[in-house]
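Here is how the chains run, residue by residue.
Protein chains: 2
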Amino acid sequence: MSDKKQIADALRGLADNESAMDVVEKQVEKYRLDLLRPVYKDRDELIGRVPSFWMVVLSQHSNFANFIRASDFKYVDCIDDVRVEWDEANPGNFSVNIKFHGLEGDFPAQSVTKRFRLVKVKDDMKVSGNDEDRESGDDDDEEEYERLLSDPVDVEWPVAYDSINPDKIQDKRASKKEYRTGMKTLFGWFRWTGLKPGKEFPNGESLAELFANDLYPYCVKYYIEAQRDLADEMSDSDNDDSAEEPLELPSDDDEVQDHSKKRRLE
Amino acid sequence: MSDKKQIADALRGLADNESAMDVVEKQVEKYRLDLLRPVYKDRDELIGRVPSFWMVVLSQHSNFANFIRASDFKYVDCIDDVRVEWDEANPGNFSVNIKFHGLEGDFPAQSVTKRFRLVKVKDDMKVSGNDEDRESGDDDDEEEYERLLSDPVDVEWPVAYDSINPDKIQDKRASKKEYRTGMKTLFGWFRWTGLKPGKEFPNGESLAELFANDLYPYCVKYYIEAQRDLADEMSDSDNDDSAEEPLELPSDDDEVQDHSKKRRLE
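Line by line, the protein sequences are chains A and B. Just add 45 to wherever you are in the first sequence, counting from 1, and you've got our numbering. Just add 45 to wherever you are in the second sequence, counting from 1, and you've got our numbering.
Same shape as in the complex, but just chain A (with noise of 0.2 Å):
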């Protein structure tokens, strides 16, 4: 019996250390973007001087392109700027603003910026506030786990989805599938609240992590990858243009794979 309550305290302990050891993770998190910031600042303006970069990296990027649709990417085409932000007091929610440049007719210049907050949530979709019961839940044998939420953020539609953009839509009984094919693009995303599953833009925390912890951090290394790759495919040209030459950094492809996993942020 003494062999078992012991047994029991090292369990609870291990409980315990692992708290323990996800408080560290949290202020490790914090203590890499405070450090990250000012290099992520120097390098948005480095990036500013290098035309169509953020069109070079999402068109060329394996995953983006399976989050929104392919009609979408003439507008992607726009995006001059992609900037992630993260709270400084909690890093755990940040903020994707990305410039477009406008298309004559179509599309509308404009800055958007999307706020995500990390929000504990109990028994699926009973929502709490943002750490507010971290402590006072110990005693509590529901499971708690972490999601992102978000607010609708305004964004003009480029006039060429004027039938499927829900703001357009008068009657949305009769234009379910517009409004929702609408729901799917890129400016759904925009919408996004992760509280109506199945009626908004699907997978939308997915992509608002693929910006914060794919694109974002590794926003210079596809960029490398896929001047790479288009040096490859014209290596019988002649390519004299030092400025289109791929840039050399001290990485191998199977580093360029791992970055995911390095500089994720949770």
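Treat each hint with caution, since some may be false.
[Stated by the list, open to error] Subject to a maximum C-alpha distance of 16 Å in a straight line, what follows is the list of computed EDC-like cross-link-like pairs (lysine to aspartate or glutamate):
1. A:Lys71 x B:Glu74
2. A:Lys75 x B:Asp277
3. A:Lys229 x A:Glu133
4. B:Lys266 x A:Asp61
Calculated from the structure, these hints are not laboratory results. Bear in mind the structure is a predicted one, so any value in this text is a computation, not a measurement.
Following the hints, put chain B in place on chain A, whose structure we already have.
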């Protein structure tokens, strides 16, 4: 022309920026390990109080079994303790310590420590010293990457493995097949160097990384998962022994899936 020069300058700036990020990542990794070290130490002590902890973790892990031979599990079940320690100055280097209890007449109790060092490598197999040419390599166009190497470490093999034990095979030419079989066992892994691909334990680097980046950091989560699976299986039987019940921690399965990324060390 001035445009092209500006772009080339920006690309060079981005290469420097990537190097600055790598420096930050290494600094963050050191910070993380410095914070985790005392937490891991407490945890090692707690784990030592839970009988068969590592037997449960190693036998239930979805990937570990793929690295070794099925017959090795008789000796995996002898593992009473696993510890990973990262070098304070150089967190890319680490050691894996495994403690076995003995099996009467077959296998002696022993504690074996295998050290791994992360080295810079150029054009595949030319190995350079750890850290040495991090700066001097800048002008070099060759791609450089990091990989693990190790030295063989003494371990006593089970008597049952005499026929495949490389130290007991008299004629290596005649017993090539037995020799190779031996090298594929867990005991073969302790001889792995990383310098003789095809002739030593297969994927020795990956097994080292599995211990350091997955099994050791997430062993408590794996233990809980395994206990939960057991509890599910026994859910219709009388089960009033609280020490045998799954330990509830604030994490969901998705989170567990993700952990190998979150605490990943490179």
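Hints, one by one, checked against the model:
Straight-line distance between C-alpha atoms of Lys71 (chain A) and Glu74 (chain B) comes to about 13 Å, which keeps the hinted pair within the 16 Å bound. With a CA separation close to 38 Å, the supplied pair Lys75 (chain A) and Asp277 (chain B) exceeds the 16 Å bound. Using a Cα cut-off of 16 Å, the hinted pair Lys229 (chain A) and Glu133 (chain A) is violated, with the two alpha carbons roughly 32 Å apart. In summary, the hint linking Lys266 (chain B) to Asp61 (chain A) is supported, as the alpha carbons are separated by about 13 Å, within the 16 Å threshold.
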